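S.K.: Under the UniProt record's numbering, the first residue of the sequence shown is numbered 1, with each subsequent residue one higher.
Note that these hints are calculated values from the structure, not bench results. Bear in mind the structure is a predicted one, so any value in this text is a computation, not a measurement. Backbone N, C-alpha and C define an ideal beta-carbon position, used for all residues, glycine too. Watch out, some of these pointers could steer you wrong.
Simulated pairs of lysine to aspartate or glutamate, EDC-like, Cα-Cα distance not exceeding 20 Å [as the list claims (entries may be wrong)]:
1. Lys235 to Glu191
2. Lys74 to Glu149
3. Lys235 to Glu249
4. Lys65 to Glu116
5. Lys214 to Glu112
6. Lys65 to Asp50
7. Lys86 to Asp47
8. Lys86 to Glu116
9. Lys86 to Glu112
10. Lys214 to Glu200
11. Lys86 to Asp50
12. Lys272 to Asp242
13. Lys74 to Asp39
14. Lys74 to Glu37
15. Lys74 to Glu176
16. Lys74 to Glu92
17. Lys65 to Asp39
18. Lys65 to Glu85
Label-pair ranges, simulated between beta-carbon atoms [what the hints assert, rightly or not]:
19. His69 to Trp32: 25 to 33 Å
20. Pro206 to Arg113: 21 to 29 Å
21. Ala129 to Arg67: 22 to 30 Å
22. Ser205 to His70: 32 to 40 Å
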Amino acid sequence: MAIEEPGVLWRDGVYFYAASNFAKQHLFYPMWGATYELDSPYRIRRDYMDAYMIQYVARGALHFKLRGHHFVAKEGELVLLACREKNDYWSEGTARVKWFHFNGREVGPLLERIYETNGSGHMSTFFGARVEPLIDDILQGLKSGNCSEFQFSRDLYSILCQLAEQSLEKEAPAEESVRRAVAYIRRHYAEPLSVQDIAESVSLSPYYFTRLFKRIMMTSPHLYLLNHRLAEAKKMLVYTRDKIDTIAEATGFQSSSYFVRAFHREMNMTPKAFRQYFSAAGTHNRYKFEQEGGSDRQVSDKSGLHESKK
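Let the hints inform the model, and build the full structure from the sequences given.
M.R.: Here is the structure:
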């Protein structure tokens with residue numbers, strides 16, 4: 001006889017997946033999942049499970065108590081749960097919820113990043129609309145049994161990375177200040193910048209600005225500036241014949257010796273060796289660079305965060 005779950009009116013599932021040892025060691029993988037039609041008195045209280053969980057509210061609403069917060073996830077929203085912690089969720093009316101448990105050795109750091117960026121794991125419709133197709137793919141893969149472990153891992157990783165991004169639906173003052181600071185760094189990286197200079201450009205104290213920048217960008221303003229300078233220097237090494245001294249000065253380094261040391265720390269090779277590595281394509285690349293207006297040396301790059309000079 002089937003076991004009845006109080007408050008579950010209808011369900012598609014539960015469908016289970018047995019991950020390989022390789023997936024458990026190196027990938028993200030689903031464990032089981034289903035779609036539920038719910039009503040009161042459905043309620044789950046959990047103290048510990050070695051897994052994580054995503055719940056997408058397709059219709060109605062679901063109540064949650066997570067990490068000391070009580071909130072209601074409404075239609076189009078989703079919730080990311082760490083089941084290793086205490087959590088409590090329930091329905092007070094009819095709702096349809098798509099859910100699955102999943103795991104992976106590197107899920108924890110990503111989940112903490114999501115919680116740090118977007119609160120208690122309660123994600124708005126902005127995120128729900130982006131990841132619902134991936135949630136459907138995972139549930140369909142569980143149901144059919146025809147999905148490879150690499151496809152499961154790819155979909156899960158894509159979901160988590162999208163949830164870790166800042167929401168663009170409303171830019172808070174903190175994010176706006178950091179965005180302006182990043183733009184300032186990219187405009188003035190060739191100049192002798194300090195963290196105080198950057199903080200003053202957005203009217204914040206150096207101490208508060210540094211903490212804010214680290215929280216949002218996951219690196220310090222100093223390292224962001226350094227990495228941006230190195231990225232611009234790499235372009236000049238590949239696309240120009242400029243001397244090392246000229247490149248160091250043009251990208252804001254205090255001296256060519258400091259530039260060489262910083263470059264070697266990041267790339268484990270000298271700027272000269274890096275240039276030689278690209279020399280086979282050098283003539284074509286230089287021509288393309290010059291034709292695209294590369295002489296101003298202000299090519300946009302999104303590869304990193306850098307450090308200021310004092």
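S.K.: Confirm or reject each hint.
M.R.: Hints, one by one, checked against the model:
1. Lys235 to Glu191: Cα-Cα ~18 Å, so holds.
2. Lys74 to Glu149: Measuring from Cα to Cα gives roughly 31 Å; hence the hint is violated.
3. Lys235 to Glu249: 14 Å, holds
4. Lys65 to Glu116: 17 Å, holds
5. Lys214 to Glu112: 15 Å, holds
6. Lys65 to Asp50: 19 Å, holds
7. Lys86 to Asp47: Holds, at roughly 4 Å.
8. Lys86 to Glu116: With a Cα-Cα distance of about 18 Å, the restraint between Lys86 and Glu116 holds, given a limit of 20 Å.
9. Lys86 to Glu112: 15 Å, holds
10. Lys214 to Glu200: 17 Å, holds
11. Lys86 to Asp50: 12 Å, holds
12. Lys272 to Asp242: 11 Å, holds
13. Lys74 to Asp39: 14 Å, holds
14. Lys74 to Glu37: 14 Å, holds
15. Lys74 to Glu176: The hint is violated at about 27 Å.
16. Lys74 to Glu92: Distance of about 12 Å is within 20 Å: holds.
17. Lys65 to Asp39: Given pair Lys65, Asp39 holds - Cα atoms ~18 Å apart, limit 20 Å.
18. Lys65 to Glu85: 11 Å, holds
19. His69 to Trp32: 25 to 33 Å: At 26 Å between Cβs, range holds.
20. Pro206 to Arg113: 21 to 29 Å: With a Cβ separation near 25 Å, Pro206 and Arg113 satisfy 21 to 29 Å, so the hint holds.
21. Ala129 to Arg67: 22 to 30 Å: For Arg67 against Ala129, whose Cβ atoms are near 25 Å apart, the range 22 to 30 Å holds.
22. Ser205 to His70: 32 to 40 Å: 35 Å, holds
Hint violations for this structure: numbers 2 and 15, all remaining hints satisfied.
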